[in-house]
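First to last, the protein sequences are chains A and B. Counting from 1, position 18 in the first sequence corresponds to residue 113 in the working numbering; the numbering is continuous, with no gaps. Counting from 1, position 47 in the second sequence corresponds to residue 142 in the working numbering; the numbering is continuous, with no gaps.
Note that these hints are calculated values from the structure, not bench results. These numbers come from a predicted model, not from an experiment. Be aware that one or more of the hints could be misleading.
You can't tell identical chains apart in this list, so a pair holds if it fits in one copy or across any two.
Claimed, not checked - The calculated BS3-like cross-link candidates involving lysine-lysine, where the alpha carbons are at most 27 Å apart (straight line), are:
| no. | residue 1 | residue 2 |
| --- | --- | --- |
| 1 | 216 | 151 |
| 2 | 216 | 161 |
| 3 | 216 | 173 |
| 4 | 119 | 151 |
| 5 | 173 | 151 |
| 6 | 269 | 161 |
| 7 | 161 | 151 |
Number of protein chains: 2
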Amino acid sequence: MSETTTRDPAARAPGRPRSERAEKAIIEAVLDLLAEESGVAAVSIEAVAARAGVGKTTIYRRWPNKEALIVGALAAAKRPLHDPEHGSLRADLVELARQIGAERGDRHARCFWNVVGGAEKHPRLYARYRNDVIEPRREVLRRVLRRGLERGELRPGVDPEVAIALLVGALAHKTPRDRLPEGFPEAVVDTVLGGIGTEAALGTNAER
Amino acid sequence: MSETTTRDPAARAPGRPRSERAEKAIIEAVLDLLAEESGVAAVSIEAVAARAGVGKTTIYRRWPNKEALIVGALAAAKRPLHDPEHGSLRADLVELARQIGAERGDRHARCFWNVVGGAEKHPRLYARYRNDVIEPRREVLRRVLRRGLERGELRPGVDPEVAIALLVGALAHKTPRDRLPEGFPEAVVDTVLGGIGTEAALGTNAER
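Extracted from the complex, chain A is given alone in its bound form (with noise of 0.2 Å):
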């Protein structure tokens, strides 16, 4: 079917790329909103409609509630990461710490830090970004170690979830929006592969 014959309404109607505007504006709304200092408290959906230029009803159109709202804004700006498949896990691992260390100057950084922040506060809502906005994100991480493993690049018997939290804690580490030095991600991953400890450190872990 060639595009001037298209019968389907919604693929040509006048008001789609108005719909689309209409979305943006309400996800930059909310990350607006959220990385104010009071965080998930200043979001409401009176708040994203005003800020946002759009009625009420334009948003729930879309998401059903704030928790909703929320989660779909942060995971339009946390995007999965980009697996990169170059056959060497230290190869993997720096561009993976590249990506992690890049997204730390965004404007957007201080929402993820106000919504981790509130957690205690907010438990439904912080479950929901972990399973749907983080935990795709630490998959690729897990995948990027198993191949490792596979060819034996990674020790045998290191605990992939603290390998992850030694990465990551690492470039997540201090304030949301500043940058890392650089050749700090390249330094983290050649830290974490290469350990810090000599063999006489870690005879004395085995002598114990």
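With chain A's structure known, arrange chain B on it following the hints.
Just chain B now, kept in the frame of chain A:
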């Protein structure tokens, strides 16, 4: 001079215990307000005075301004790390990791999260917090790593700031009040000491 004959009015003034109680109430009020969703924005001398049940003058007599008051309260809640001096890098790091991990369950944990998250909005407060509260703690970690290097337990060439980011980052990861799983501090230290990569992974690195 015996206690009964002292003429120092401050030392025996009946107001002294009351004054200590007031100071404690003020610090608790600051920490409670800081842990609120709006963080630093929730703290004002008025709000602290009302919550602590003291007059504003009582606060100003001890802290010249809001910034000094907040940093003073944070310093009271987050003490310098205790340097274990066990004579082994692993033993020292494990004890420090346990100290840091144990703070996570603390009801004040969210104060620190909020102050770091508000760094961009309150840069002077954040700088002072880093300098007065965080730096002395990092200095203990640096000292432990330095002793490890002198004993031949730390690989020469390891950047202590990267090592600290790995250790602290992995332990601070997750939400501010989530407790760490049993054995996690030890797993973090052993994984940082021994590294996650095999010779094959490190060889890849050298070939780059």
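Would you list, in rising numerical order, the hints stated earlier that this structure does not obey? none
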